[in-house]
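Number of protein chains: 2
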Amino acid sequence: MTATHNETAAGLRPYKLLEGRFHRLAALNEAAGMLHWDMAAMMPPGGAETRAEQLAQLRLVCHEILADPAMAGLLGEAESRREELDPWAASNLHEMRRQWIHATALEPRLVEALSRASSRCEGIWREARPASDFAKVAPALGELLALVREAAAAKAARLGGGLYEALLDEYEPGGKTASIDAVFDDLAGFLPELRAKALEAQMRRPAPLAAKGPFPTARQKALGERLMATVGFDFDHGRLDTSLHPFCGGTPDDVRITTRYDESDFASALMGVLHETGHALYERGLPQPWRYQPVGQARGMGIHESQSLLMEMQACRSKPFLAHLAPLLAEAFGHDDPAFTAENLLALYWRVKPGFIRVDADEVTYPSHVILRYRLERALIEGRMEIADLPAAWNEGMESLLGIRPPSDREGCLQDIHWYDGAFGYFPTYTLGAMTAAQLFDAAGRADPEIPARLGHGDFKPLLGWLRTHVHGLASSLPASEILTRATGRPLDAGVFKRHLERRYLHQA
Amino acid sequence: MTATHNETAAGLRPYKLLEGRFHRLAALNEAAGMLHWDMAAMMPPGGAETRAEQLAQLRLVCHEILADPAMAGLLGEAESRREELDPWAASNLHEMRRQWIHATALEPRLVEALSRASSRCEGIWREARPASDFAKVAPALGELLALVREAAAAKAARLGGGLYEALLDEYEPGGKTASIDAVFDDLAGFLPELRAKALEAQMRRPAPLAAKGPFPTARQKALGERLMATVGFDFDHGRLDTSLHPFCGGTPDDVRITTRYDESDFASALMGVLHETGHALYERGLPQPWRYQPVGQARGMGIHESQSLLMEMQACRSKPFLAHLAPLLAEAFGHDDPAFTAENLLALYWRVKPGFIRVDADEVTYPSHVILRYRLERALIEGRMEIADLPAAWNEGMESLLGIRPPSDREGCLQDIHWYDGAFGYFPTYTLGAMTAAQLFDAAGRADPEIPARLGHGDFKPLLGWLRTHVHGLASSLPASEILTRATGRPLDAGVFKRHLERRYLHQA
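Residue numbers (this note's numbering), protein chains in the order written: chain A, 1 to 509; chain P, 1 to 509.
Bear in mind the hints are in silico, worked out from the structure with no lab data behind them. Heads up, a few of these hints could be off.
For chains that are exact copies, the list does not tell them apart, and a pair is met inside one copy or across any two.
Unchecked claim - No more than 25 Å apart at the CA atoms, straight line, and that leaves these computed lysine to aspartate or glutamate pairs for DMTMM-like:
| no. | residue 1 | residue 2 |
| --- | --- | --- |
| 1 | K353 | E83 |
| 2 | K498 | D362 |
| 3 | K16 | E112 |
| 4 | K221 | D337 |
| 5 | K16 | E49 |
| 6 | K16 | E53 |
| 7 | K212 | D336 |
| 8 | K136 | E411 |
| 9 | K221 | D360 |
| 10 | K197 | E502 |
| 11 | K136 | D416 |
Work the whole structure out from these sequences, hints included.
Shown next as structure tokens:
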């Protein structure tokens with residue numbers, strides 16, 4: 001604080017009033033978050049309708065807090081005296097303005113039309129996907145897209161930047177298409193050759209042994225909880241439960257992660273748990289003093305995904321950690337199974353297998369799925385492509401990026417819910433997260449060369465300590481790009497991720 | 001609706017606006033209810049602070065909805081055209097006014113002082129109780145009582161009626177001390193002789209056999225869920241979980257009940273589950289069209305407790321049902337245990353054992369505990385007794401009502417949290433519930449003489465159907481006394497309950 005006490009008292013009043021309003025907003029959003037968790041993990045089916053009503057009313061209350069006519073004045077007054085705020089408070093004010101813009105940029109008529117159109121489109125999609133019938137959903141998707149583009153234009157007018165960036169900003173605040181294009185083009189040029197070489201090298205190695213199941217849910221869960229504790233999850237401040245789609249919810253003081261179990265496969269729930277634990281550790285590491293303020297919240301989906309992928313892909317699929325894991329698996333599921341060796345776990349968890357479905361993709365092919373979607377959704381939003389052309393463009397993109405062509409739209413442009421639910425601008429965060437994860441893990445290892453080896457002893461403390469300082473504790477005080485630059489010495493580029501893929505998939509290191 | 005369409009449109013506007021506001025209020029209260037359930041059944045300990053913040057903000061939002069300055073005008077306008085409303089809408093408006101009075105009768109200063117004083121007093125009580133040190137908590141209780149009396153005066157000025165009735169109204173809307181006095185005095189005069197005779201008869205019978213434990217939690221839970229389904233609980237609209245203090249929470253569409261298990265005792269969790277199931281069935285049976293309106297909510301704690309006690313005490317401890325239960329217990333816990341006979345279950349579940357602790361009391365002695373507390377708390381609220389005189393008055397009352405004298409205040413006036421938490425006026429609802437349960441069950445059996453015998457076949461449909469029509473479906477459309485009178489042909493009196501106790505505890509029928 002640079003102002004004197006008297007000036008502070010006078011000058012900060014609008015800012016302090018804003019803090020009070022955003023505090024309430026955050027607490028109510030947390031309440032809604034808990035109800036969402038319950039809906040996925042606990043709620044009996046017959047509770048759906050009343051839960052929707054509770055959430056709708058909470059959402060309305062939250063919207064009214066942001067859309068209150070006094071808000072614009074308070075923001076303007078506080079901003080006119082921004083120089084009196086310390087850097088965190090100034091960032092907080094910046095984030096308040098951003099949230100306010102997103103909440104008020106759209107006329108109520110458009111918000112309602114979007115909500116109706118996306119419910120309708122999603123409903124039709126749920127029938128069109130199994131039938132592989134894109135034509136059935138195309139009209140509804142076209143109507144939804146028109147509204148999304150209208151929303152993008154309204155937000156772009158307030159945020160500055162292009163149409164696509166206005167949508168991206170909700171998931172990746174301050175994200176720029178120019179930077180995404182640069183790293184995605186780099187990666188898209190690199191991946192086909194890497195993939196071919198990795199598959200060739202893989203063919204020369206023995207195929208992984210399948211472990212003998214079944215793997216009882218209770219044991220999978222116990223092992224998952226043991227590994228969560230190893231990684232640093234604090235069960236005084238969180239839980240592990242079961243839901244159809246794994247996610248991380250709750251609040252920083254009460255982080256609820258979920259997974260799903262397949263008793264014929266031990267591998268997927270386990271890595272799913274470690275992935276969500278990465279998200280959970282980020283939430284838990286957000287700074288307590290800013291707990292109910294916008295600046296104290298997670299920076300965006302790119303950084304969030306970097307924390308889950310850093311834990312899952314960089315740390316827990318590393319050679320040292322898989323060596324640590326092998327005897328734990330033997331202990332949990334049977335010592336006599338030859339599948340539970342460090343070598344076999346490498347063969348299993350480092351397997352490359354190009355396929356049509358994004359959510360089943362391995363680390364090497366996943367980015368191609370994302371780059372395809374990013375390019376297509378940008379073209380749609382920017383009016384360079386029609387809905388009718390989507391299936392063909394999808395299939396051509398798959399051919400060129402992944403060398404395979406989906407036999408049907410069900411395995412093509414109908415596979416993901418995102419667009420049909422109105423969520424455009426989300427996809428790139430998956431691969432921004434993967435690249436950010438590689439760059440952060442590399443920087444942590446350069447800052448403390450012991451870090452990778454400690455994982456082999458189940459010791460995540462040095463890694464977690466570094467993340468707490470360089471990522472978690474910064475929350476939204478800086479733009480994502482600045483967090484990364486300060487933590488790693490440079491802005492995001494694809495280089496570290498490319499070297500990581502080469503090392504793991506070509507040199508098996 | 002008696003008005004023409006045009007008149008309706010104009011005249012109902014304030015009422016319709018109120019419906020909208022109360023709809024939001026109900027949905028937000030339901031959200032808070034779910035968070036309370038989570039806090040008791042799911043939340044990790046470290047989530048307590050942030051949960052308190054979520055609930056405090058939700059409570060503030062709800063209070064602001066009720067305390068909005070426009071509310072008084074809307075209520076007045078709607079009431080001035082009450083004759084245009086149909087009976088349910090008119091009752092709804094009446095309940096709106098009642099909620100509004102309770103929310104606005106106290107100045108914010110008093111609300112805050114009450115909240116602080118009750119937190120403080122409860123904290124001291126948590127130390128004073130195990131130490132049996134009443135003097136330690138007496139000053140805090142005195143301060144709290146002074147504030148509660150101030151609140152009672154403020155509410156009485158708005159509601160009409162006496163100080164105690166103003167507090168009672170929050171739990172038992174429209175409850176009158178004159179009626180309570182009449183039935184409690186009747187009961188207090190009757191119970192000592194009944195108790196003596198019951199104990200004498202009991203001594204002539206063999207003592208119940210103890211069943212051989214342990215009784216694994218998982219089996220207790222499975223049997224509990226089986227019996228819940230038998231009684232009519234719909235697991236598409238509810239759950240059974242575990243918490244320190246059993247309760248029924250959630251919403252009518254998603255009723256969450258809890259219990260706690262003791263692996264050395266099969267009997268208590270089971271009856272606890274059936275008790276909470278009675279509460280749950282009431283919630284579930286509230287009328288859907290009035291789901292988010294005040295008139296659609298449960299009538300009060302007396303009727304609520306009548307529904308749990310009707311299921312637990314009247315139906316599930318009846319001779320026919322215990323005969324139905326015996327083989328299910330044998331199946332769940334071991335066929336070779338001679339304790340699982342119908343005769344032994346009667347001896348176990350119909351045992352009378354006077355004791356100091358209310359929550360451990362049997363059906364015969366429980367009302368004496370309640371009558372004592374009711375008389376004492378009325379004397380305190382009406383200024384006829386000082387806090388310092390409470391321990392002696394308690395012990396004398398126990399002696400005169402139950403024939404036993406607590407050896408210490410821990411087993412005396414320190415045992416219950418209610419007063420130390422500021423909850424005066426709640427106690428009588430337990431025994432109003434017990435008497436109401438007996439009167440309703442009796443009326444159901446007179447309406448359909450098959451009902452008691454059907455319970456012996458695990459068939460609760462006729463009983464539940466009668467309750468749906470005569471109690472659940474009426475919600476808050478009528479005063480509790482009127483619901484009872486219409487359902488049973490007369491207002492509450494102690495007669496049916498007295499005859500029930502004589503039949504069961506003197507004649508073993």
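Here's how the hints hold up against the structure:
no.	hint	result
1	K353 to E83	neither (54 Å within a copy, 74 Å between copies)
2	K498 to D362	within (15 Å within a copy, 73 Å between copies)
3	K16 to E112	between (32 Å within a copy, 22 Å between copies)
4	K221 to D337	within (19 Å within a copy, 35 Å between copies)
5	K16 to E49	between (38 Å within a copy, 22 Å between copies)
6	K16 to E53	between (32 Å within a copy, 18 Å between copies)
7	K212 to D336	within (10 Å within a copy, 40 Å between copies)
8	K136 to E411	within (16 Å within a copy, 72 Å between copies)
9	K221 to D360	within (21 Å within a copy, 38 Å between copies)
10	K197 to E502	within (9 Å within a copy, 89 Å between copies)
11	K136 to D416	within (16 Å within a copy, 64 Å between copies)
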